[in-house]
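Generate coordinates for the entire structure from the input sequences, incorporating the hints supplied.
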Amino acid sequence: MLHEVALDVSGPRASARRIWAMVARYGYLIMGSFPRIIELMYWPLVQMLLWGFLQTHLARSTSLYEQAAGLLIGSVLLWDILLRSQFGFSLSFLEEMWSRNLSNILMSPLRPSEYIASLMTISILRLCIGLLPVILLANLFFGFNLFSLGLALAAFFANLVFAGWTIGLIANGVVIRYGMGAESFTWVAVFFLLPLCCVYYPLATLPAWLQPISEALPPTHVFEGMRALVIEKVFRLDLMLIAFGLNLLYFSAAYLLFHYFLWQARKQGTLMQIGE
Amino acid sequence: MLDTMATQKLTEQAAPPINVKNLVKAYGEVKAVNDISFTIAKGSRTALLGGNGAGKTSTISMLLGLVLPTSGDIQLFGEDITKHRHRVLHRMNFISPYVNLPMRLTLRQNLETFANLYGVRNPAARVRDIAGELRLEELLDRPAGTMSAGQKTRAALAKSLVNAPELLLLDEPTASLDPDTADWIRTKLSEYQAARGATLLIASHNMVEVERMAERVIMLEQGQIVEDGTPAELLGRYDRETLEDVFLDIARGRRRGSGTGTGEQRNDEALERVGNAS
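Protein sequence lines, in the order shown, are assigned to chains A and B.
To get this note's numbering, take the position in the first sequence, counting from 1, and add 22.
To get this note's numbering, take the position in the second sequence, counting from 1, and add 1026.
No false leads were mixed into what you were given.
Result set (SDA-like, lysine to any residue): computed pairs, CA atoms no more than 25 Å apart in a straight line: (1) B:K1214 - B:P1123; (2) B:K1178 - A:L51; (3) B:K1109 - B:N1060; (4) B:K1057 - A:G291; (5) B:K1178 - B:S1202; (6) B:K1178 - A:L116; (7) B:K1178 - B:W1210; (8) A:K289 - B:N1078; (9) A:K255 - A:N161; (10) B:K1057 - B:V1252; (11) A:K289 - B:T1096; (12) B:K1178 - A:Y50; (13) B:K1109 - A:R199.
Have a look at the derived ranges for each label pair, beta carbon to beta carbon: (14) B:Q1250 - A:C150: 51 to 57 Å; (15) B:S1097 - A:F214: 36 to 42 Å; (16) A:E61 - B:D1167: 23 to 29 Å; (17) B:D1061 - A:L263: 54 to 60 Å.
If you are wondering where the hints come from, they were derived from the structure by calculation, not from laboratory data.
Keep in mind it's a predicted model, so treat the numbers as computed, not measured.
Idealized CB from N, CA, C, for every residue including glycine.
Here it is as structure tokens:
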């Protein structure tokens, strides 16, 4: 017990060490469980097959889908980027709740901002594990190469992941504040976007009164941008910049909200009981 | 400027590990902690003793910064814990049987995670050292969830010592352990405290533990401090032979010096109370 213990307590190096600690902690969990890895790929694969076959059918009977091969399958893969980035962010957090380890984490020198950074990192890792094989299979089965979107894909990816983190941050804050009774919110939070952000149909399909609400959502601009690229072969940088601006605004608001919920939980004294 | 920084550094070094003033935690109308003040000296072993709902866990949670006080001050090593907790968290740690380590991670993965969180520069070496000291080498590559209760407590002890804390907060550290394992844990904690000059604050209602480990006892009742002294002083004040008798005197509202110090008398009094109640 008398061994000398040197500590890095402040500065970027110490901060990076704490973020790495949490990323490694979640990495151990994923890599130590084969079913978890399969689970990451399972649903994106089912979705890809379902929509891929539907697209194949529509391409034979509808001129739009004949001209714009990959429209549906592109939509479903991009939707999964949004969905999986939020799940990856929130699930890692829920792991702490399920294992009743959150108070250990929160009483350590890890800062909330560092914790959020680690959740973002692990969310991207989970996304890669889950989606990369499915993207490759989409090319194999249906001839749709998501990577052929090139730099546009990077812009779509960044905006969708950013939006997923924002929803994840709010959902985690709600669970911290209200406990495990609010866990189901984490699973359903992202789905309110599904009809509103025009994943499978153009913005013009929505009634006029709903369109401004849809336009206030960053993913709408990504899906509109994807359709412009696939159908008109045009990359709409303006849409990507609007999406990025909105994401920045909403993520900042979500960051403040998460801190507010954490402060409320400390005030109400619920952190020690969390997970029970 | 340098003088100011040096003075601040000296003040931090001289500041007691824990200094609590007029601390209150209210949940609505209920005051879990009701205006308590105490200072814990460096290198001391203090027990927070009290029955269920006396305010021990609320106090410990506020010291850890997990719960915000309704009013009052908490200074740890001279820092206000409600405002600057991240300046001192690396100097302290916590052990409780009610807080788990992630079950699917191996003990080594768990300990390395916490070593990194606390900024330990060579986590692998620290984990190896502490596993050796706590006889955990053979368990290092086992998932925490497959360990027995005693092994889990030893693992939690390793986690709580991974950053060699100057201040260790313990919430019923040996709850639900067999006497042999509980004794082993107490021995290790005492050895650590003596070797490092660390400060221990133990929340407990286990009298054996308190008598064995604490040189000072702060007794809480309904969120207030009702006694504060060495175990010998408390025994003298209540004219009792064991801290358990003192505890029961306080819990049952008897005044100082009213006891005879025998378990037999205590049983008679308890039976009398039951008889009166019925």
